[in-house]
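Novice: Protein chains in written order, with my numbering: chain A, 40 to 131; chain B, 507 to 1508; chain C, 38 to 456.
For the record, the hints were derived by calculation from the structure and aren't laboratory data. Think of the CB as a built atom: it goes at the ideal place given N, C-alpha and C, for glycine as much as any other residue. Incorrect hints may appear among the rest.
Stated by the list, open to error - Okay, derived cross-link-like pairs now, DSS-like style, lysine-lysine, Cα gap no bigger than 25 Å in a straight line: (1) C:LYS58 <-> B:LYS1245; (2) B:LYS1468 <-> C:LYS447; (3) B:LYS1027 <-> C:LYS58.
Stated by the list, open to error - So, partial list: chain C residues that the calculated Cβ filter (under 8 Å) puts toward chain A: (4) TRP104; (5) ILE292; (6) TYR342; (7) ALA343; (8) PRO349; (9) MET382; (10) PRO432; (11) THR434.
Unchecked claim - Away from chain A, derived, C-beta distances all over 10 Å, residues of chain C: (12) GLU91; (13) HIS92; (14) GLU143; (15) THR278; (16) GLN283; (17) PRO291; (18) GLU293; (19) ARG345; (20) ASP446; (21) GLY448; (22) PRO453; (23) ARG454.
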Amino acid sequence: MLITCPYCGPRDVIEFTYQGDGNRERPQPASQDLDAWNAYVYDRLNPAGDHNEIWQHSGGCRSHLRVVRNTITHEILSTEFARGGHKAGGRS
Amino acid sequence: MSPRRAEAGGRIDRLRTIRFTFDGAPYTGHAGDTLASALLANGVTLFGRSFKYHRPRGLLAAGVEEPNALVTVLRGEVREPNIAATMVEIYDGLVAVSQNRTPSLAWDIGAINQLGGKILSAGFYYKTFMGPVIGPLKGTRFWMFCEHFIRRAAGLGRAGTAPDPARYERMNAFCDVLVVGSGPAGLMAAKAAADQGARVILADLEAGFGGSANWSGETIDGMQAADWAQRIVGQLEGNDNVRLLPRTTVWGYYDGNTLAALERVTDHKEAAAKGEPRQRYWAIRAGTVVLATGAFERPLVFPGNDRPGVMLAHAAERYAYEYGVLPGQRIALFTNNDSAYASAVALKKAGAAVVAIVDVRSDVTGDMRRLASEAEAELLTGHAVIATEGGKALSGLKVQRFDAMSGALSGDERSIHADCLLMSGGWSPTIHLASQAGAKAEWDPARQAFLPPKPTQRWPNQHWIGAGAFTGAFSTAEAIAEGRAAGVSAAGGTATPIALPVVEAAPGDPDPAPVFEIKAKGKSFVDFQHDVTAEDVRLAHREGFVSVEHLKRYTTLGMATDQGKNSNVPGLAIMAEALGKPILEVGTTRFRAPYTAVSIGSLAAERFGDLKPERLTPMHDWHIANGARMYSAGLWYRPMIYGHAGETVEQAYVREAKATRESAGIVDVSTLGKIAVQGPDAAEFLDRVYTNMFSTLAVGKARYGLMLREDGLAFDDGTTWRLGEQEFLMTTTTANAGKVMQHLEYFLDVIWPELKVTVTSVTDEWAGAAIGGPNARAILASCVKGTAVDNATLPFMGIVHGEIAGVPVMICRLSFSGEMAFEVYSGAGYGTHVWEALIEAGKPFGLVTYGLEALGTMRIEKGHVTGAEIDGRTTARDLHLDWMLSKKKPFIGSAMMDREGLVANDRLQLVGLIALDNRPLNGGGHVVEQLDEENPHDSLGHITACCYSPALGQYIALALVKGGKARHGTRAFVSDPLRDRFGPVEIVSNHFYDPDGSRMHG
Amino acid sequence: MAEYSAFSLLKNALTGNKDWKPAWRKPDPKASYDVIVIGGGGHGLSTAYYLAKEHGITKVAVLEKGWLGSGNVGRNTTAVRSNYLLPENTRFYEHSMKLWENLSHELNYNVMFSQRGCLNLAHTPAQLDDYARRGNAMRHLGVDAELMNLDQIKRLVPALDLSGSARFPVLGGLMQPRAGTARHDAVAWGYARGADRRGVDIVENCEVTGFLRDGDQITGVTTTRGDIRARKVALAVAGSTGHVMQLAGISHMPIESHVLQAFVSESLKPVIDTVLTFGMGHFYISQSDKGGLVYGGDLDGYNSYAQRGSLPIVDEVMSEMLALFPGLARVRMLRSWGGLCDMTMDGSPIITTGPLPGMYLNCGWCYGGFKATPASGWCFAYTIAKDEPHSFNAPFTLDRFYRGLIIDDKGQGANPRLH
């Protein structure tokens, strides 16, 4: 699997660390909504198909990336910085 | 001249004689021979024993698919088992031995299994060996008794245990076009792609390029096919953008068009040249892959088809053309298709007598009749071989009239005298790599073969193009055309019509008759190595194991070292017939990596003998030179003790800890994780990350901090120093340095990108020494320049900058040992310099160096926690760190930490233990209320750390005990059945020593 | 149906093996059952078997989308052990171990459970203490465990590098003597045959495409072979749990599906006579009766339903293998494959009623699915029959995450790829 880091270019998956489901929303720090916190920490979308997920380029620039990847074919559909901004081309 | 070597022919170097041994007997061959061809030339027919019945076996094939002739190659003590003799190039001094036989290949006691006959049918072991339900052999005992003998009888070669001295190497390569296979299709593809300017890699698993051109009698552009191939190879060699990889098996097709290949660099040499690896593992990232992997000829299934002397037709052709070796003098052929006729002609030309061509088809074309007469062979159409004769070598065969439509045999049996029987059951494209890439094979009823799917069905992220026999285009002319088109297209070009090389080939229809098996009396083998017979396949059908995967798993069909390359299609065909369904509906299994077995050494490559990097502190060499006994902590090496002669470990750490508490000690703390946290929002960020406040910390002060995970459990602890308004130096535990760094980065990058903070790992930038004890300050005062270190200038948790021996240092007064203590940080490059200066300054005070054991001892006395207590299952409350949980702000984990399971009364809580029997305790010992040495039960918890406490004069421990806090002052027992250590303890507070901290506050 | 025995083998051999009957029938699905078990893998089949045997519930269908046993029961490294750290896990897996010890007799099918032991190698003093903690925890629950020193290890596995010059020298190990390996496919086939003999319908090539509902209540399933109704619908589809739960409208679960690769070498004469794990990485190995070394390592580390592995993990696993066995560098890897693991947020499984009325859930097996097969089916059958969990599986609820009652043997928190 090759992931195209917007900063470093296409790199082998070995350089990246998976950080899981990118759809999760962290409650506001002061939130007391325990269900929301529990859902954020424990519940995952786990589709057989396109999946929005976070990866860290830990063996490179250490940026976190938001990657849309197909969990059946492992095709990378898009990659962008998780903090927003520059989108890189998909289809690696 | 060897008995089977033809007078002329072959592409071996007859001027070079190579000497080798097989099973101890000396033989000679020629340069260019494989072990198989050389032994065959010497008249050897018996090469191996089969797995289950230990039947004698000869060569079936000439290439990578060989299932029978497996040998072990020896290089001194180093053994390489299970290598196909067809893939071993001979070299002077080669030592090869046969396998799976006792005492010898000719006389194998294991052959007794053949007497088991029908009892040892497929899956028989599932039905027996269960033993009695009661008595001493109940349960698993009887099976394990039987298994003991089964295990010894099973297995092929024997692995070595001596460490392999060879070196393995890994290469990463990138190309526009990777061409797999160098037959006419592959060569044309490589040439065409290279001509387009693409970066091309051409890999072939054989020693030479050319593939089928090397073992065919065809001509291309008027020259021998092999010569034509060499000309193309010559053109490619001169091309800067082409890399040629011979002896390189592309064995895996992974995501993102990454292919794994194994190059056998020196296996064919007597000795590796300096610096040469034994094998090289290539990870190739290819833009497009051209799969020109050819096809395998299939055996026919008939009684006695496994007798030595029965061989695939094209294999014999190859032995003749490539090695000048005739597999027999009187050769018969048995076929269901046209391709065997050219083989017959080739063998006739090479000097053999072709006694008969037995064809299952009732009629063949005039072209085939002409070829048969050219081979001077008797043509028996509408016939089948129903038996073979001979012992460990073929002496003849029996044929009978055969109806290809019904499969019925009729008429009289007829014997034919022959010493070699060649069979051709049609061809199967080598689609393994495409299958690995996700392509679903499609059955082609005309070709009677699984073909790769059309391009539209490819997986979106795998870019490959097929060419030649791989696609079912079995003629050389088609291969050349497809190869060129594939090469051009792979390089991104558009094919313009050009004059393609002209092929002169024997005529032939690529479609075989749909005949796979001749049903007659006797064992007919489908999987030769695993001894799976046609009857076994039918038994699987009777018992309901009809899906292809069940068939494979129940009978072990296709699970031998040839991985079904020979047996897959015949096996499916027999199952399809039993089911009364077309093969199309039976389907096939998905091929998985590797295409052929790959050495584990090659996959480890440079990491063989060097698994993980070693992390050494700047003062590492000093520790070694000064008698430290080291032990590994993760990737780090750290001093355990600095032992004196004759001291036990306990004596050493007790001495070190005692000396520290009495005067002063110094320890290397460079391994602690260190993270620079900088930026306008650094303080705010730390407030969110730590459970306690850091924004209130004054510049020039440090504070002990605790982090939780999101789920509210304790994560890591350490001190963080405020070096400036916007600059902090965070320290973490050694073990968690990497995890904490990722944790911080995640929050800054994903959750709170609005915070203006950067984090930088500076662990390796700083050398750290902790110096503690009543005289620590005096020692520092005597060597630190540029700052005072008195209580006013450097109060508890204060930070100063100064100089030691000319080197700038940063000193923080903090304590893990519980003594008045300081951590001294300098640039890593000066670590030893500063360390030595401190040692020197400490001499008048009796400063000792201490290791992790003494460090651990002093922290246990103080009741501080480390990774043994913050083990991913404990909360701040469990560890009595609830005082650090700020109520003034939310922090990571604050919302989750009070859930019901995390605040229960019976949770494991940190306590201290004192051994009441004054004997050592053991880490990992458990704690119970009621001692029961025979049947220990009802554990309350366990010891996390223990030591002899010089300060208390007792054996003490930290432990996590259920409801521990409420048990202070009560008596319990250690229960450690693993080490037979039982005895009374008192449960106390974890703060054993100086609980109010008066010593460190000074 | 005939009992299997040495005698029946002999008798059938004399008649040319023509009289063997199918190991299980191939029935068409009926319109309704008392219980539908989705998933014809090890857990689904054992659930059906114990429903019939222990609870007399025989109107049961097992629905399998492909071929029986096509999931992880046939894609694992066959280790069976109960050497867990936390009592909830140890109790459950020990129950499984006890069922394993009599399984071949119970099923009249030789599943070849061979108690050759499982040895966890320790490489640092701290790790030895950790293993002692675990071994003692096991002993306090009546489970066998012992520490082994270097001499004992050398006798047991002479091929190991115990020279002390290794990057991570072996200091000792924790042995569970009753652990071992079993023939994985035989477990599926044995349970299938056993369930079939008790009247359970095993329906292959029958993919569940949706759930029949009456309000919230699950009343059956729609399949590629028609609608099938049942009062109780039980899921045992490890690896595909997320996917099947989505059919029931539940989009989020405390589960990620990950790929775990496994490898087998060519057949060798006996060289490793136990199950062995490496302590400074993630590597485990045993040798099958056929002689192949069967081994594996860490997850590939990202969500996947592909049953195909990545190359870096291949390299990592082989490197770790040679760190222990430098003499095996010339042995060759013959086959690799990938299985899908339901990785939960604490590394422990889920066997529970719900989460919808009429639904029962068995999932989240992480690495532990194969060894759990008997107890998983046994406990799940109990839960389905009684509508409440047995004490063995009472801790393995779905709501334990929200309540903080996590069972985290590895201490890694809600990070599935690290469990």
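Novice: None of the hints should be skipped; say for each whether it holds.
Specialist: Now for the hints, and whether the structure bears them out:
{"no.": "1", "hint": "C:LYS58 <-> B:LYS1245", "in the structure": "violated, 57 Å"}
{"no.": "2", "hint": "B:LYS1468 <-> C:LYS447", "in the structure": "holds, 19 Å"}
{"no.": "3", "hint": "B:LYS1027 <-> C:LYS58", "in the structure": "holds, 23 Å"}
{"no.": "4", "hint": "TRP104", "in the structure": "violated, 19 Å"}
{"no.": "5", "hint": "ILE292", "in the structure": "holds, 6 Å"}
{"no.": "6", "hint": "TYR342", "in the structure": "holds, 4 Å"}
{"no.": "7", "hint": "ALA343", "in the structure": "holds, 6 Å"}
{"no.": "8", "hint": "PRO349", "in the structure": "holds, 4 Å"}
{"no.": "9", "hint": "MET382", "in the structure": "holds, 5 Å"}
{"no.": "10", "hint": "PRO432", "in the structure": "violated, 16 Å"}
{"no.": "11", "hint": "THR434", "in the structure": "violated, 13 Å"}
{"no.": "12", "hint": "GLU91", "in the structure": "holds, 32 Å"}
{"no.": "13", "hint": "HIS92", "in the structure": "holds, 32 Å"}
{"no.": "14", "hint": "GLU143", "in the structure": "holds, 35 Å"}
{"no.": "15", "hint": "THR278", "in the structure": "violated, 8 Å"}
{"no.": "16", "hint": "GLN283", "in the structure": "violated, 7 Å"}
{"no.": "17", "hint": "PRO291", "in the structure": "violated, 4 Å"}
{"no.": "18", "hint": "GLU293", "in the structure": "violated, 5 Å"}
{"no.": "19", "hint": "ARG345", "in the structure": "violated, 8 Å"}
{"no.": "20", "hint": "ASP446", "in the structure": "holds, 17 Å"}
{"no.": "21", "hint": "GLY448", "in the structure": "holds, 16 Å"}
{"no.": "22", "hint": "PRO453", "in the structure": "violated, 7 Å"}
{"no.": "23", "hint": "ARG454", "in the structure": "violated, 6 Å"}
This entry does not satisfy hints 1, 4, 10, 11, 15, 16, 17, 18, 19, 22, 23, going by the numbered hints stated previously.
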